[in-house]
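Peer 1: The chain contents come next:
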Amino acid sequence: MRTETKRMIKRLLRNPSAVLGFSLLIFFTVIAIGAPLICPPQSYDPYMIPIVTWDKTPQPPSTEHPFGVIDGRDIFYGVIWGTRTAFKVGLIVTLTSTIIGLLIGSVAGYFGGWLDEILMRITDVFLSIPYILAAIVVTAFLGMGLNKVMISLIMFGWMATARLIRGNILQVREEQYVLAARALGVNDYLVILKHVLPNTIFPVVIQATMRIGSLVITAAALSFLGLGAPVGYADWGSLLNFARNWLLGASGEAFKYWYAIVYPGVAMVLFVLAWNLVGDALRDVFDPRLRG
Amino acid sequence: MENILSVRNLSTYFYMDEGVVAAVDDVSFDLSPKEVLGIVGETGSGKSVTVKSIMRLIKHPGKIVSGQIIYKGQDIMRFDEKEMYRIRGKEISMVFQDPMTSLNPLYTIGDQLMETIIQHQKVSKEEAYKRAVEMLGMVQIPEPEKRMKSYPFEFSGGMRQRVVIAIALSCNPSILIADEPTTALDVTIQAQILDLMKDLQQRLGTAMIFITHDLGVIASMAHRIIVMYGGKQIEVGSSDDVFYNPAHPYTHMLLRSIPRIDRKIDRLEPIPGQPPRMIDIPKVCPFLPRCPRNVDECNQKIPDMIEISQGHFVRCFNPVGGGN
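In order, the protein sequences belong to chains D and B.
Just so you know, our numbering puts 229 at position 229 of the first sequence, and the rest follows in order with no gaps.
Numbering-wise, our numbering comes out as the position in the second sequence, counting from 1, plus 1000.
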C-alpha cells in the first residue's frame, strides 16, 4: 500500500484544483472547529445568532461587526457558526442517505431476482418525485426545523447511490476473482464485504463527496423559503432569508446592502466548490479508467 | 485403490428462455488419489460446468438436476452451503482460466494468500504469513517475501497464474481442479506453468482434474482422459488408449485434425459441420449429424458407455476399430 499511497498523494499535489479544493476544505474545517474561539457564544445555544440591536435595518461592516448586521444580528457570527451547520447538514444527510442507498443497492444487486425488481421499482417511484418539491412537502408535513429538513433530504437522497451501487455490483459479481474466492471457500458475506463492495465503493464515495456540496445548497434553499432552521439560527440559508427584504437595496443605491448577500453567499459558494473539487480529485485518483 | 472422488450420473441443466440446455448430461467418473484426470472437449462441451457442479458453484438459471458427488465417502450434493465452505478451497480447490482476472485488484498478493489460509486453518497471522511466503517460494516466485506486498497489476500473466496456483494449493487440498489454467498464457509460459503443476502435483500428491481443449497439453499431463462432446462423456480411457486407439468417431477425427509431432500426416482433416446447438437436443448421440460412421440404431437412442478394453469406455454403436 505504501508506494501506492505515495503515488496517490503525488498525483493529488500535482493537480492545482485538487490542492485548492483540499485547502478550502481544511480552511472550513478549521473555522468550524474553532468557531467558539473566533466567535465566543453569548447565549446558552451557541447556534442562535446573538441579537446586537433591535434596529431591523441592515448595518454596514464595522470593526465591531466585520460582516455587518442584518435583522439586528451579527452576520460574521452567523457565517462562522453557519459553517458548522453546513458541515452538520452535509455530512449527516450524505452519510445516512448513502448508507441507506448502499444497503438497498447491494441487496438488490447481489441477490437479484424479484427482490431486485421490487427494490428498484421503489427507487424509481422515489426518483420520479421532484427532489425540492418532495423535500418541501415532507418538511411541511413533519414541521419546521433543521432536523426535519435533514430527514426529508435523507428520504429523497438515497436513490442515486442505490442505483450506482447496484449497477456496479452486477458488474463486479461476474468477475472471476469473485468466483475464485467462492471456489476457495470464502463465505458469501465475506465475499460481498471483501471482494464485491471494495471494488464498487469508490464511485459511491466520489458521488457522496460531490453531493455534500449540493446538499448544502438544497438545505439553504429550504431555509431561504423559510422551511429550514428556525429564525436566528446560524445557517447561511437563513442569513440569505433575512437579506430577502433588502435585496433591491435602497432607492438610488442598488448595492447598499451588498454585505447581507455577499458574505453568506460567498461562504456557500466556496463550500460547494471545495467539495466538488475534492470529489473531482478523488475521482481522478481512485478511478483507474481515468488514469492517464 | 479407493476412489477419492466419484461422480455418478451428474446432470446440470440451464433453464433459459429459449429452452433447456443440457450442459452436462449423465456424466460419471472416478478419481483415485494422486491421479491426474484430463477432461477434453471443445468450447461448450460442458467441461467447465462439470467441475463447477462438483464445487457446487452453479448459479441461476443453471441447476444440478441429478447425480451424486461422493468425496471421501460422503455425498457432497447433500451438503448445505455452510458445509460447502469447508470443502471449497480446503478439500477441493480450483484454478481458473484467466489469471488476469482471478485475483482481486485491490489486495496485495500476500493478503489474498493469507485470506484462504486463515479461512481454513486455525493459525495465527504470523503463521499464515510464513505459510504464504513458503507457498510463493514453492511456485518459484523470486524474492517471495518482497512479493507478498505487491499488487496483482505488478505481476505478469505467468506470475499471476503461479500465485493463483499457490493460493489454490495453500491449504493442501486433496483435489485440485484446473479449468484451462494455461489457455490465457503464451506458449513458453504455458510450458513453464505445466511443468510447475506437474511437479507440484507429484510432490504434494494432490489428485487433479485438468480441463483443457488443447490435446497437446492433456497428453503431457493426464493419466486418464475423458472426452466430452455436447455435454456428454463420449470416451473415457487411459491417455494411451485415447491417443493411440481412439474408439469414438469424434475422438478419432479430432486427432486427425491436429498436427502431430510424432506422426507424419499429409493432410489435416477438419471435422465437417458445426458443434450442436445445445438447446433441446434430441435424445440421440450429439455427434450424430457430423458422424460419417452412423448406423440406423444411432437415430433411435443414445448408446450406453461400453467397455471395449480394460478401462477404456466409449459411447458409440459403431466405434472405430470395431471396439477392440
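Just so you know, these hints were derived from the structure itself, not from any lab.
Please note: incorrect hints may appear among the correct ones.
To be verified - Taking lysine-lysine pairs in the DSS-like style, the calculated list, with each CA pair at most 30 angstroms apart, reads:
(1) B/1283 - D/6
(2) B/1146 - D/10
(3) D/194 - B/1034
(4) B/1059 - B/1283
(5) B/1130 - D/194
(6) D/56 - D/148
(7) D/6 - B/1072
(8) D/6 - B/1063
(9) D/148 - B/1301
(10) B/1082 - D/194
(11) D/194 - B/1063
(12) B/1072 - B/1146
(13) B/1301 - B/1063
(14) B/1149 - B/1072
(15) B/1034 - B/1301
(16) D/194 - B/1146
(17) B/1082 - B/1122
(18) B/1072 - D/10
(19) B/1198 - B/1146
(20) B/1122 - D/6
(21) B/1301 - D/194
(22) D/194 - B/1149
(23) B/1149 - B/1063
(24) B/1082 - B/1146
(25) D/194 - B/1283
(26) B/1149 - B/1034
(27) B/1063 - B/1264
To be verified - Per label pair, the in silico range of CB-to-CB distance:
(28) B/1143 - D/7: 43 to 51 angstroms
(29) D/262 - B/1154: 38 to 46 angstroms
(30) D/127 - B/1059: 23 to 31 angstroms
(31) B/1059 - D/262: 29 to 37 angstroms
Ideal placement from N, C-alpha and C gives every residue a C-beta, glycine not left out.
Peer 1: Please go over all the hints and tell whether each is borne out by the structure.
Peer 2: To see whether the hints hold, each was checked on the structure:
This hinted pair does not check out: residue 1283 of chain B and residue 6 of chain D have alpha carbons roughly 63 angstroms apart, beyond 30 angstroms. Between residue 1146 of chain B and residue 10 of chain D the CA atoms are separated by roughly 23 angstroms; this keeps the pair inside 30 angstroms, and the hint holds. Straight-line distance between C-alpha atoms of residue 194 of chain D and residue 1034 of chain B comes to about 34 angstroms, which puts the hinted pair past the 30 angstroms bound. As the CA atoms of residue 1059 of chain B and residue 1283 of chain B are separated by approximately 25 angstroms, the hinted pair is consistent with the 30 angstroms bound.
The suggested pairing of residue 1130 of chain B with residue 194 of chain D holds, with an alpha-carbon distance near 22 angstroms, which does not exceed 30 angstroms. Note on residue 56 of chain D and residue 148 of chain D: the hinted pairing holds, with a Cα-Cα distance of about 28 angstroms set against a maximum of 30 angstroms. Straight-line distance between C-alpha atoms of residue 6 of chain D and residue 1072 of chain B comes to about 50 angstroms, which puts the hinted pair past the 30 angstroms bound. Only pairs whose Cα atoms come within 30 angstroms are accepted, and residue 6 of chain D paired with residue 1063 of chain B is rejected, the gap being roughly 48 angstroms.
Among the hinted pairs, residue 148 of chain D with residue 1301 of chain B is inconsistent with the structure: their alpha-carbon atoms are about 73 angstroms apart, more than 30 angstroms. A threshold of 30 angstroms between alpha carbons decides the hint, and for residue 1082 of chain B with residue 194 of chain D the separation of about 18 angstroms falls inside it, so the pair holds. A distance of roughly 27 angstroms separates the Cα atoms of residue 194 of chain D and residue 1063 of chain B; the hinted pair therefore holds under the 30 angstroms criterion. For the suggested pair residue 1072 of chain B and residue 1146 of chain B, the alpha carbons sit about 38 angstroms apart, so the restraint of at most 30 angstroms is broken.
Between residue 1301 of chain B and residue 1063 of chain B, the direct Cα distance comes to roughly 25 angstroms. Compliance with the 30 angstroms bound is thereby established for this hinted pair. This hinted pair does not check out: residue 1149 of chain B and residue 1072 of chain B have alpha carbons roughly 37 angstroms apart, beyond 30 angstroms. Taking the CA atoms of residue 1034 of chain B and residue 1301 of chain B, the gap is about 37 angstroms. The hint is violated against a cut of 30 angstroms. About 23 angstroms separates the Cα atoms of residue 194 of chain D and residue 1146 of chain B, which keeps this hinted pair within 30 angstroms; it holds.
As the CA atoms of residue 1082 of chain B and residue 1122 of chain B are separated by approximately 17 angstroms, the hinted pair is consistent with the 30 angstroms bound. For the given pair, residue 1072 of chain B sits about 55 angstroms from residue 10 of chain D by alpha-carbon distance, which is inconsistent with the 30 angstroms threshold. Between the alpha carbons of residue 1198 of chain B and residue 1146 of chain B the distance comes to roughly 26 angstroms, so the proposed pair stays at or under 30 angstroms and holds. Restraint check: the Cα-Cα separation between residue 1122 of chain B and residue 6 of chain D comes to about 35 angstroms, which exceeds 30 angstroms; the hinted pair is violated.
Proximity of residue 1301 of chain B to residue 194 of chain D is assessed by CA-CA distance (about 50 angstroms); at most 30 angstroms being required, the pair is judged violated. For the proposed pair residue 194 of chain D and residue 1149 of chain B, the alpha carbon gap of about 18 angstroms is at most 30 angstroms, so the pair holds. In summary, the hint linking residue 1149 of chain B to residue 1063 of chain B is not supported, as the alpha carbons are separated by about 40 angstroms, beyond the 30 angstroms threshold. For the given pair, residue 1082 of chain B sits about 35 angstroms from residue 1146 of chain B by alpha-carbon distance, which is inconsistent with the 30 angstroms threshold.
Distance hint between residue 194 of chain D and residue 1283 of chain B is unfulfilled; the C-alpha atoms sit about 45 angstroms from each other, more than 30 angstroms. This hinted pair does not check out: residue 1149 of chain B and residue 1034 of chain B have alpha carbons roughly 33 angstroms apart, beyond 30 angstroms. Restraint check for residue 1063 of chain B and residue 1264 of chain B: not satisfied, since their Cα atoms lie roughly 45 angstroms apart, outside the 30 angstroms limit. Evaluation of the 43 to 51 angstroms hint for residue 1143 of chain B and residue 7 of chain D yields a failure: the beta carbon distance comes to about 21 angstroms.
Between residue 262 of chain D and residue 1154 of chain B the CB atoms are about 52 angstroms apart, so this pair departs from the stated range of 38 to 46 angstroms. In this structure the hint that residue 127 of chain D and residue 1059 of chain B lie 23 to 31 angstroms apart at CB holds, the actual value being about 29 angstroms. Between residue 1059 of chain B and residue 262 of chain D the beta carbon distance is about 60 angstroms. The supplied range of 29 to 37 angstroms is therefore violated.
Hint violations for this structure: numbers 1, 3, 7, 8, 9, 12, 14, 15, 18, 20, 21, 23, 24, 25, 26, 27, 28, 29 and 31, all remaining hints satisfied.
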